[in-house]
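Residue strings, one per chain:
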Amino acid sequence: MTNRVVANGMPLLELRGISKSFGGVAALTDVDFTLRAGEIHGLVGENGAGKSTTMKIIAGVHSEYQGTMEIAGERMHFRSARDAKAAGIGMVHQELSIVRDLSVAENVLLGMQPVNRLGLIDYPAMVRIAGEQLKRLGIDVDPRQPIGMLPLGMQQLVEIARVLFSGARIIILDEPTSALSPPEVETLFAILRRVRDEGHSLVFISHFLDDILRVSDTVTIFRNGRRIETAPVPDIDKGWIIERMIGKGHEELEESYTGEIHLDSKPDAPVVMTTEGLTVAGVFEDVSLQVRGGEVLGIYGFMGSGQLELARALFGKLQLEQGTIRLDGQPVRLRNTAAARLAGLAFVPESRRSMLFHMEPVFKNVTIAILDRISRLWVKPSAERAIANQHVKSLQIRPPLVDRPLGTLSGGNQQKVALAKWLTYFPKVLLLSEPTRGMDVGAKDDVLKIVRSLRERGIGVVVVSTEPETVLSMADRILVMKRGRITKEFASEVVSKDRLLAAA
Amino acid sequence: MNSWLRSQLRNIAPFATLAVLVVLFSILAPSFRTMDNLGNILQQISVTGIMAVGLTFVILCAEIDLSVAAVANATGIVVAYFTMQDASVNIANIPLPGGIAIALALAASLALGLVTAFGMNVIGIPSFIMTLAMLQIGAGVSAMLVRGQIAYNVPSLVATLGSGSLGPVPWIIIVAAVILLAGHIVLTYTRFGRYIYMTGGNREAAEYSGVNTKMIIAAVMVISAVCSGIAGMLGVAHFGSAQQDEFDNYLLDSISAVVVGGTSLFGGQGGIGNTIVGLFVLGVLNNGLDHVRIDSFLKILIRGLILLLALIVNVYAQRMRTKAATTATGA
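Residue numbers (my numbering), protein chains in the order written: chain D, 1 to 504; chain G, 1 to 331.
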């Protein structure tokens, strides 16, 4: 590794005048970016602002662009991700690239396993080397354990260890904290700082501005494909960042980010859904709750507390072992998701990939859940396009072209399409799992507005999340789940992130 | 390559293959480029075509049906079993009126399809294994009914459609065209067709949209079995006999036709239009090789190599299309 060549604080990677367009649409315009040796560089911006595109150029994913890139003073132009890797650039994606069935050690040394004289993998050496590497980073895990058994946070740390071990001196982390519990975030940050102090440079992309401010030395803000500003962290705060990210004053923004939230639950509203003693052994137990029409019920818990699985069970995807669900007082049995939909339930899962059809045009994505309401035998594409156009307009989905394949939309816009599926004929209860995960401030705000408008219409909305900000910004009443059980209810009171975390 | 071209590669490649084959055989063999031979090719691909319709439905759902030829064989034998045979045919058949024999044969194919659907959905056997079992069961039914004998007679309606002509046009070509057209209409213009594409494109997303994906899968397996049944009955009439192992080549041919045509083995992409092109590629290949003078043993190898090429294009086109659909974003 050559990272010692460059003294700390010297520019290690420099981009000058980078421009990139996709099919005539400018994604980046004249971007200058400097990453110094031994720094953690936070990257913020709304979805589509250009952060990912910039990082993909650095990581060799995009090889066609204008402008220049220098690493340690040397002009570079990567033709492939492999080139970038060879030059010491490693990327840890939001969706991890670990092999679940292999052990921790095998994952750390993936592709560079030590071999013995016969050319066979030397397992004892592998466990020893991986163990040393993990220990040096302060990651406390048995290298022999299958990685799939570990919590997500630990899997992520192992992936970082692997990227480091492959010789990376520049590590790009894309949304590393979005699925982690607070203690896991602490561990991650401690490790990132240690890696930095060893002289590596890290780029940290995140929508969690608190996390960015806590761990970064420098922050760069992107907007509309341009670099807006770069500043050292001690000089800036969240408000300063948000102002530059969205480029205009946002009134409702405050509500979603302030610490103290006054919950305004509606005890008199009619109950639309009741559950009694819902149980799936080992996942959640004895869950009894009520959902009222015109109320947003937030269910919060750390990763693995069972709230995400509960939402799946309420949509008939996960079969209950015990318990009853009542809709408008009538017991319903949800044999499958089709039965749940017909009973008046709707669900948007946490992963957009499991909700949308990337190769299909936007309009088919919008109408798939209501096809039986608009056509009996024959599909009516013109009616479908009309419906999709309405949603595209009212939800401000961009680009406003309903025949574009869904995969060409940005993440925030895809999420709006996922919501639009259920907005033509309203359900009784809408279940939202992590509705704003990985989204920028503006898109979060849009989702919030949609949820509020549904509440006005008397729909019961259930928001399950592992992000305190999500439930705090949306819910009128909050249930906290811990190890599969509801442990606390917050209703008609002042609550804060601290109190929520304390209850979880 | 621009992204439109990339996304269309799946549809262009089979056409290009077909054009190359037609030009090649036309140059090599004068007997190939005649109207009579075109008629031959159409007849030769008709039975495969009927089977391929059901199979297209199945493959669009990202499933597979290895039992098509066996179900066709069994159904063809069932219809002959319930038809009066000559005294020389030594099988314990039960002669019934033609309409009833046809109804029983269709019911048999339907039942086999339902068993497949049951095994997949209720028990949870993957289609690859389940239809492999059904292949054996179909062969078993055939064997039990004919016991090594050959039956020749089928109900007159089946005989007409399988080997008769309407003016100059053989009925079997008309039936195949009608079934292909019906398949195309169902896939393109009906709600059920849309569900098939969505289920194949992303089963989880279809399920989270409240689509009963198990029901869709069950339906396509049953449709595939019934298409095979029709192909089997007409095939028996077309060949003039019903016997064991009569359709063995048709499994490979029908799967090849669907895939060579460009329908994705990963589901969600393709359609009857692709299958028709695939049928012609296969038909021209099989027919053309008989018109040129080469070692007949070499022909088998050539067929295999051309199929391999088509599969490579299929996988490559899938990759290109996925790329075209995702890299156009400026995240």
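Hints should not be assumed to be uniformly reliable.
To be verified - When the alpha-carbon atoms are kept at most 30 Å apart in a straight line, the in silico DSS-like pairs for lysine-lysine are as follows:
1. Lys214(G) / Lys428(D)
2. Lys482(D) / Lys393(D)
3. Lys428(D) / Lys393(D)
4. Lys488(D) / Lys428(D)
5. Lys380(D) / Lys299(G)
6. Lys299(G) / Lys317(D)
7. Lys449(D) / Lys488(D)
Simulated from the structure, these hints should not be mistaken for laboratory data.
So, going through the hints one by one against the coordinates:
As the CA atoms of Lys214(G) and Lys428(D) are separated by approximately 25 Å, the hinted pair is consistent with the 30 Å bound. A distance of roughly 40 Å separates the Cα atoms of Lys482(D) and Lys393(D); the hinted pair therefore is violated under the 30 Å criterion. Taking the CA atoms of Lys428(D) and Lys393(D), the gap is about 24 Å. The hint holds against a cut of 30 Å. Our distance criterion of 30 Å between C-alpha atoms is met by Lys488(D) and Lys428(D), whose separation comes to about 25 Å.
Between Lys380(D) and Lys299(G) the CA atoms are separated by roughly 47 Å; this puts the pair beyond 30 Å, and the hint is violated. Taking the CA atoms of Lys299(G) and Lys317(D), the gap is near 51 Å; set against the 30 Å cutoff, the hint is violated. At most 30 Å may separate the alpha-carbon atoms for a hinted pair to count; Lys449(D) and Lys488(D) meet this at roughly 27 Å.
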